[in-house]
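Two chains, each in its own frame: build the complex with the hints.
Chains as they are written, first to last, in my numbering: chain B, 1 to 559; chain C, 560 to 714.
Just to be clear, a hint being listed does not mean it is correct.
[Claimed, not checked] Ranges of calculated distance between the beta carbons of each label pair, as one might list FRET restraints: (1) B:Thr455 x C:Phe583: 35 to 41 Å; (2) B:Val528 x C:Arg681: 56 to 62 Å; (3) B:Leu445 x C:Gly579: 26 to 32 Å; (4) C:Leu570 x B:Pro517: 33 to 39 Å; (5) C:Gly579 x B:Lys105: 49 to 55 Å.
[Claimed, not checked] Below, a sample of chain C positions facing chain B; criterion: calculated Cβ distance under 7 Å: (6) Ile577; (7) Met580; (8) Leu634; (9) Asn669; (10) Met675; (11) Glu698; (12) Gln705.
These aren't lab readings, by the way, just hints derived from the structure by calculation. Glycine residues also receive a C-beta, built at the ideal position from the N, C-alpha and C atoms.
The chain contents come next:
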Amino acid sequence: METTLKQSWRDNAYRALGISPEDAKLSKTYLLVSFTTLLIGGLLGLLQGLNRAGLLELPTWLNYYQVLTAHGILLILVFTSFFTIGYFYAVHSHTLGGLLPKVRKLAWIGFNLKIVGLVLAVIPILMNEASVMFTFYPPLAAHPVFYFGLVFFVIGIWMCAFGSFIQVANWRKENKGQHVPILSYFATGVFVLLFFSSIFVAIEVFMIIPWALGWVETINVMLARTLFWAFGHTLVNIWYLSAVSAWYVVVPKVIGGRRFSDTLTRVVIILLVVLNIPGGFHHQIIDPGIHESVKFLHVFMSLAIGFPSLMTAYAMFAVFEKTARKKGGRGIFRWFSKLPWGDVRFLAPMVAMIAFIPGGAGGIAQSTNQLNQVAHNTLWVVGHFHLTLGTSVALTFFGISYWLVPYLSKRVLTPAINKLGIYQTIFWSAGMVFMAGAMHWVGLLGSPRRTSYTTYFDNATALSWDPYLMFLAVGGTLLTIGILIQVYAVIHLMFFAPKGETEFPIADVEDIATPTPYWTERWGMIIVIMLLVIGMGYVIPVVDMIINAPPGSPPFRPW
Amino acid sequence: MKFHLDEKIWLIASFGVIIGMMLFTGYQTFVLGMGPPSGMETIDPQKVDVTAPFDEPGVYEIGENEYEVVMTLQLFSFTPNNIEIPAGSTVHFTMTSKDVTHGIQVAGTNINAMVMPGHIQRITQKFDETGEYLVLCNEYCGTGHQFMATTITVK
Numbered sequence: 001m002e003t004t005l006k007q008s009w010r011d012n013a014y015r016a017l018g019i020s021p022e023d024a025k026l027s028k029t030y031l032l033v034s035f036t037t038l039l040i041g042g043l044l045g046l047l048q049g050l051n052r053a054g055l056l057e058l059p060t061w062l063n064y065y066q067v068l069t070a071h072g073i074l075l076i077l078v079f080t081s082f083f084t085i086g087y088f089y090a091v092h093s094h095t096l097g098g099l100l101p102k103v104r105k106l107a108w109i110g111f112n113l114k115i116v117g118l119v120l121a122v123i124p125i126l127m128n129e130a131s132v133m134f135t136f137y138p139p140l141a142a143h144p145v146f147y148f149g150l151v152f153f154v155i156g157i158w159m160c161a162f163g164s165f166i167q168v169a170n171w172r173k174e175n176k177g178q179h180v181p182i183l184s185y186f187a188t189g190v191f192v193l194l195f196f197s198s199i200f201v202a203i204e205v206f207m208i209i210p211w212a213l214g215w216v217e218t219i220n221v222m223l224a225r226t227l228f229w230a231f232g233h234t235l236v237n238i239w240y241l242s243a244v245s246a247w248y249v250v251v252p253k254v255i256g257g258r259r260f261s262d263t264l265t266r267v268v269i270i271l272l273v274v275l276n277i278p279g280g281f282h283h284q285i286i287d288p289g290i291h292e293s294v295k296f297l298h299v300f301m302s303l304a305i306g307f308p309s310l311m312t313a314y315a316m317f318a319v320f321e322k323t324a325r326k327k328g329g330r331g332i333f334r335w336f337s338k339l340p341w342g343d344v345r346f347l348a349p350m351v352a353m354i355a356f357i358p359g360g361a362g363g364i365a366q367s368t369n370q371l372n373q374v375a376h377n378t379l380w381v382v383g384h385f386h387l388t389l390g391t392s393v394a395l396t397f398f399g400i401s402y403w404l405v406p407y408l409s410k411r412v413l414t415p416a417i418n419k420l421g422i423y424q425t426i427f428w429s430a431g432m433v434f435m436a437g438a439m440h441w442v443g444l445l446g447s448p449r450r451t452s453y454t455t456y457f458d459n460a461t462a463l464s465w466d467p468y469l470m471f472l473a474v475g476g477t478l479l480t481i482g483i484l485i486q487v488y489a490v491i492h493l494m495f496f497a498p499k500g501e502t503e504f505p506i507a508d509v510e511d512i513a514t515p516t517p518y519w520t521e522r523w524g525m526i527i528v529i530m531l532l533v534i535g536m537g538y539v540i541p542v543v544d545m546i547i548n549a550p551p552g553s554p555p556f557r558p559w
Numbered sequence: 560m561k562f563h564l565d566e567k568i569w570l571i572a573s574f575g576v577i578i579g580m581m582l583f584t585g586y587q588t589f590v591l592g593m594g595p596p597s598g599m600e601t602i603d604p605q606k607v608d609v610t611a612p613f614d615e616p617g618v619y620e621i622g623e624n625e626y627e628v629v630m631t632l633q634l635f636s637f638t639p640n641n642i643e644i645p646a647g648s649t650v651h652f653t654m655t656s657k658d659v660t661h662g663i664q665v666a667g668t669n670i671n672a673m674v675m676p677g678h679i680q681r682i683t684q685k686f687d688e689t690g691e692y693l694v695l696c697n698e699y700c701g702t703g704h705q706f707m708a709t710t711i712t713v714k
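Next up, chain C with everything else stripped away, as it sits in the complex (with noise of 0.2 Å):
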């Protein structure tokens, strides 16, 4: 097989992208910390009412500016909802579903992430700009899904 110069350059090139996009996702997921959501924990899906810290779901301040939101996913809700936070608070969301598949997606952040039952799922936002943010479910989750979202508003 032979190749033509023009070839050679268009081949070494597409290679280069691939590895380029590939460094680039290396850097930001082990040096920045930018990997996706990737929740190692395990938990009883049937049993997420009684097994702490699902037992209590809510918004709780950790630190100063920093908040963790414990959350249940089930058809067709989010527990807690209508949440509220100062602006510039970082938020770590860990969340897990009481029954099907959901997604978690907030418009305008980069949070989007599949909450499995059986699974703790963990992801993490800064909040800087004040407003109303869209919260909704981005798995088809049943009859219902299309109304299964709340609000973070951030004041």
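For reference, chain B alone in the conformation it holds in the complex (with noise of 0.2 Å):
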């Protein structure tokens, strides 16, 4: 009875007076490296697009190669890891009555470690030791020193993954029976994924450490890359999540409507977790070592992935018609006008949900074999996952960092960097318009990835291309212009923005919703039948790949 009263106070006293400095800091200082990260990140890929256009040489101290290994690891490994866990962190600390001391104990021995990795991990890029691009497939051998980094990183994820269950853990032993706060719930779903998903880097890591060492002379590559898309697919669909609870959960709060289905979303998190992992195969859908009938069995795999997103898709746009129609919106389509289009907290995500349309379908008609064989290593698979992971993912953190920021910084959004919020948003699509339209077209045609600017010897088909690659350089420029104004945004509703009070927008679900089940809370089972599916797609081939092994290879470095 006593604690129970004890926690209610707590929590009370949490919302009513906001977030503790602490977890502010933590947060705060978790989306300050992001951002960071995505400045220099983006920077970065403005020289690979002009590069990419033809209309500009990188010197030799600072090559394509290099740039394009930082850019990848800088923007899908750094800034989005950073800014999720500055966030979901500050989701724990508002709906589960402040952080534990320990937990966000945690969470700074998890940045210092992500700080060490990320250091030791971008020395050797700088030297010219370690350009071996975001996959680092064997046998390409990086200097040992890039391989310890991604250890000290990985081991900080974990640091934060075990924060957030222990965190949530807690929370529901002083609240037996009811269900986690539903961005708690999805902040577990995602920690689960990325530890999971993250032991098979892990394992992939420790292979290669002492074959990079010279301590074994070779390495099984296709178990190696295997290993790899285990991880490196799971954790674009993990940023994917992150930026999905904020569509089920906040948008409806930002355009004055209630959540869907709390049932729904619990299930759409769940099948997330459950599916994700094997979907790692569709990148070796033209790989030799691997059988048809194991590559066809993937199709499935890979496309249940889409079930959950198009689950999402119905929802959202059935919460944008209830509330539109709630505040008068008629017709067909002339309710979408009733939307708050002016207000960046929605434009943004909203922008970013759009883009997922072509960026799903295209996912789908990708991940199946023979459409595969068309657009695999080509531009068009870049062209995607700017759409993916650059729009719908970044714009709705970029939308979140509206009212996140002010929020644990005690501030408030303006109506200047409101409308600054929107020109950002239209340069983000403009840009994005241009660059991922481009390298989906000039991709079927042929133009392969990871490829500086080449003519191939002046050969005519290559040379069709280049005015597609303009572009690239085009919608570059965009993007840049759309980062440098995202970057003051953050800034200055950190520092510098008046003095306020932001909420944390969480909406609720309908009056008349019927209770969600409770075998929703049951993780354990989740992470069986996880476990389950990732055994069905990996056992047999995995085996067969170290049982069939050909010789080993050395390592190679020819940069």
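Here it is in structure tokens:
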């Protein structure tokens, strides 16, 4: 009784006074690193765009492949993970009554480990000792320090995952029989996936380290690649799941509505957690060493991940229509005008969702075997993930920043910054239309990804791609302007905006909502099912890769 | 959890799209033999030069209008290169890598396959239209990756 009272008092105090300074500092620091990374990674992206268009020759001390390795690691791993952790720790602080001191400590330890890892990984890249791309496929061998950096980074992420689990477990102990608040539920899904998928890459890195140090002579190339994709594919879906949390929970509040069915929301999270990891195989559809029938099974395993997203698409538009009609919206499409298009907290995630329509459709197409063969390793794929990760995820994160940062810094979003955010969204959307659009098209014509500007000895086919590649420079320039505006807005909201209280927008469920079944809280069961699905996807091909392995490969440094 | 009728229709249609893609892919793979390149044979990647058939890479006529190209991929070239074949021939490519992971792609065709050390990859293509086809490496393989290219001329 006494503990419950104390707990509810603490919860209320947090709601009334806002986030505690210690918790705010943690999330603010994470966000600051995240947006600094965005700035650096984005500028590197501009260099690539200009090079690919044939407008800029990069110097030998900072060549295209160094820039591309850094761009990939900074944006797909660092920008996203720091944002996600900063966001979900603020979520835990807000909805679970403040972070426990030991949880906060874990998050700081994780922060330091990740920074150490980042520095260790970036130094060899700058020294041109690790031009291995974000995928670091053996037998390309980077300087061993690069892999040590990855180890520190992964352990840092684990610390944050454990912190989240401890925080949620503690809340459940003090609130027996209740459902974990929805955003913390999303966080649990995200950290479960982060933890289990990074086990695969950890195994891979521990295969690589003794080989890169020269202690063992050869490595199983195929196995390393498969372990990487179990992680690499899941990673991008984790950032997507983080963005989806804002679509389901935050956006309805911003537009003045209620959220869609709580049960469906939780089922979507469970499905994304359970189905995700075997999706890695759709990066290996045209690899040797994997049997055709296994690849066919994996068409289903990959496309199944699309199903929860199709559920999400329905849910989002249902919420929009319901809310708009309540405000007097009419007609089949005219009700769209009742949505708050002038509010960046809505506009940015809305454009993000719209981008996911072609992004998701392209994803379904390219993970289908024979269609993948047309698009694999062409610029189409790069266009695809700039739509999904670069737009759906990034723009949602930007949209979140316009309320999360002032909430943390106890400041307010001024109309001027809101307007700036609208321009930001427009620059970003236009930039991606040019860049991702051109990438998709020229990819279908055959232009490869991860290749610096080349005419292949003045080959006529290659020269015919050049006009499309010009759009990469145009789009990249617009995106760079977008990044500069975004980083300015974050800095302003964190340090200079007027003082005041900003709400943490969490929509309520409908008044007549049916109660959510309690089995959705049984994470033990969900994880067991997830492991079974991973087993279905991986046991046969991985055992095959180990038993029927060819003699291994020695390390190569062809740069 | 209660579903509205239009939601049920949407979800059934969504599921239908997925199953439809599956059936179509399966039909193409197992009936029409259009499955993705999945060579299952292996080779010692450090002994490619002394292992048949890669000890003698080249273009071999194996039947009427049918050719086999035994090809090695290495930093940063294809062997053999500048291949010439008559129009209307079916070409079977048998490939492996002598060093890192490469990819072969022939613009304007469906030839697209990963070629990895230790594995023998196979892909077949019929060339009907005359002209010069650009062959390129589409997996980053090092500092000269952007120069790893050759041509197939169909006469």
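Taking the hints in turn, this is what the structure says about them:
Under the hint 35 to 41 Å, the C-beta atoms of B:Thr455 and C:Phe583, about 37 Å apart, fit the expected range. Checked against the given bound of 56 to 62 Å, the beta carbons of B:Val528 and C:Arg681, roughly 40 Å apart, lie outside it. Checked against the hint of 26 to 32 Å, the C-beta distance between B:Leu445 and C:Gly579 comes to roughly 27 Å, which is consistent with it. Separated by about 19 Å at the C-beta atoms, C:Leu570 and B:Pro517 break the suggested range of 33 to 39 Å.
A hinted range of 49 to 55 Å holds for the C-beta pair C:Gly579 and B:Lys105, which are about 52 Å apart. A distance limit of 7 Å between C-beta atoms decides the matter here; for C:Ile577 the minimum to chain B is near 5 Å, and the interface restraint holds. Because the smallest distance between the Cβ of C:Met580 and any Cβ of chain B comes to about 5 Å, under 7 Å, the interface hint for this residue holds. Among the interface hints, the one on C:Leu634 holds; its C-beta lies about 5 Å from the nearest C-beta in chain B, closer than the 7 Å criterion.
For C:Asn669, the interface hint holds, the least distance from its beta-carbon to any beta-carbon of chain B being 6 Å, beneath 7 Å. Using the Cβ-Cβ criterion of 7 Å, the hint placing C:Met675 at the interface with chain B is satisfied: the shortest such distance is roughly 6 Å. With its C-beta approaching chain B no nearer than about 6 Å, C:Glu698 sits inside the 7 Å limit, and its interface hint holds. Nearest Cβ of chain B to the Cβ of C:Gln705: about 4 Å, under the 7 Å cut. The hint holds.
Hints 2 and 4, counting from the list given before, are not met by this structure.
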